[in-house]
Amino acid sequence: MTTNAPTRTQDLPNGPVVAALVAGGLGATTIGLMTVLAEASEPIKNALNWWNPAGPLTGKSLVGVIVFFVSWVVLHVIFRGKNANFARAATIALILLGLGLLGTFPPFFTLFAAE
Amino acid sequence: MSISIREGWTVLHGMLFGAAFLLAFAGGLAGLYSLRPDWVTVDGIKERMFRLKAGMWSMALIAWATVISGTFIVYPWYRAQDPTSARSILLANPATAEWHKFGMEWKEHVGWLAPIAATVVAFAVTYYGPALAKKVGERRVLMIFFVVAFATAAIAGMFGAFINKVAPVR
Numbered sequence: 014m015t016t017n018a019p020t021r022t023q024d025l026p027n028g029p030v031v032a033a034l035v036a037g038g039l040g041a042t043t044i045g046l047m048t049v050l051a052e053a054s055e056p057i058k059n060a061l062n063w064w065n066p067a068g069p070l071t072g073k074s075l076v077g078v079i080v081f082f083v084s085w086v087v088l089h090v091i092f093r094g095k096n097a098n099f100a101r102a103a104t105i106a107l108i109l110l111g112l113g114l115l116g117t118f119p120p121f122f123t124l125f126a127a128e
Numbered sequence: 006m007s008i009s010i011r012e013g014w015t016v017l018h019g020m021l022f023g024a025a026f027l028l029a030f031a032g033g034l035a036g037l038y039s040l041r042p043d044w045v046t047v048d049g050i051k052e053r054m055f056r057l058k059a060g061m062w063s064m065a066l067i068a069w070a071t072v073i074s075g076t077f078i079v080y081p082w083y084r085a086q087d088p089t090s091a092r093s094i095l096l097a098n099p100a101t102a103e104w105h106k107f108g109m110e111w112k113e114h115v116g117w118l119a120p121i122a123a124t125v126v127a128f129a130v131t132y133y134g135p136a137l138a139k140k141v142g143e144r145r146v147l148m149i150f151f152v153v154a155f156a157t158a159a160i161a162g163m164f165g166a167f168i169n170k171v172a173p174v175r
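One line per chain: the protein sequences are A and X, in this order.
Residue numbering for the first sequence follows the numbering used here, beginning at 14 and increasing consecutively.
Residue numbering for the second sequence follows the numbering used here, beginning at 6 and increasing consecutively.
Don't read these hints as lab results, they were simulated from the structure.
Beta carbons are placed, not taken as given, at the ideal position from N, Cα and C, and that holds for glycine.
Any given hint could be a false lead.
Stated by the list, open to error - Label-pair ranges, simulated between beta-carbon atoms: (1) X:16 - A:115: 24 to 34 angstroms; (2) A:94 - X:42: 22 to 32 angstroms; (3) X:56 - A:56: 42 to 52 angstroms.
Unchecked claim - For lysine-lysine, the following DSSO-like pairs were computed, each having C-alpha atoms within a straight-line distance of at most 27 angstroms: (4) X:106 - X:170; (5) A:95 - X:170; (6) X:51 - X:139; (7) X:58 - X:140; (8) X:140 - A:95; (9) X:58 - A:58; (10) A:95 - X:139; (11) X:58 - X:139; (12) X:51 - X:140; (13) A:95 - X:51.
Said to hold, decoys possible - Residues from chain X shown here face chain A by an in silico Cβ test under 7 angstroms; the list is partial: (14) 80; (15) 110; (16) 111; (17) 114; (18) 115; (19) 118; (20) 122; (21) 125; (22) 128; (23) 132; (24) 135; (25) 146.
Bound conformation, chain X alone:
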């Protein structure tokens, strides 16, 4: 039972960073959605603000770690010019070429929107604090940003998993 350094980084990038971000999303969205003065007491809002701020900043940091490790550590192995690289293997076969031309091309670009959107949400939650509960419009827009952060990370994560299944980075 062994794992190469490249496989280890791929696991760290996708299974730990990426999956942690996606798993935390439901909790974050529920926290934002239910932050309403008619649903939660004043003490309840104060109590959950710490968790919400910590959760949002953790997600933003994890999203940055995911795209940075993906672009600067895993991606160079994927796109290496030698014929044994994952990219070369996918493009050599017309039946798998679309995994690169569509899947990887989408994943590598759209994934970078996730940390930007997540950072904006984390900042706004921290800035407003408990006052966010009374700001319906602001909370709605932040939830859209948060959903976009999740959707872009999910697209990147899903294609990453499929592509690594068809042509693993080794």
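With the rest of the complex left out, here is chain A:
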């Protein structure tokens, strides 16, 4: 995804913003994926029950939040000071965000409900 280093100091490289956008998409997708997996598998649902009063929602949401922040740090280090193909990165980020929306939509995730 990286193309070239910035040539003008006043032209901010887009790498840090690309990192944040893709990390946001990854966090959203993870919440959607956790929601589907918890619906499909009782053991996974139990494993995501990190705090009983709030149930598996704690694990589903916090795994997504952890993935968001950890992937942001990793991607930020990778893309810091660099320019990336913004159109491609934005497309990936928006697709990931869309997957997150899909995975958290009840008529979709209940399709995977365990019998």
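Got chain A; can you put chain X on it based on the hints?
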């Protein structure tokens, strides 16, 4: 005239945090949309950047406060296993069960996308500063993230209001 602690937290979660986020959205979107060099002078862009950054970070923090208070304070009361909890009351009646099966199930999950998307937008606005005015593609993608943050918060807020009307957390 009195209010219980649970009702107070529900008001804080939905009416103060959630509503503040939704109300601030229009201003934030207008700020992002109109941040164009052909519409605003250089001094004008610099002047409005402080408001835009402060507004975006405030919205991101409010969104985090909303989902954290909702999930870890209000939601345990909603889903308590006793027959008087809001969840039990909704599921006991086939006419109201969908408020939980569809409304609450959607709200509790999709709401978490709002602070993530809002944080990404706040970071990008802060990082680019006035330079964002010249970055058409970046601004467009940030507006999509911002609209998703609003839409997910609106879904969560709307179902929260309806569900609390049908089966209040008390």
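Which of the listed hints are not met by the structure? 5, 9 and 24
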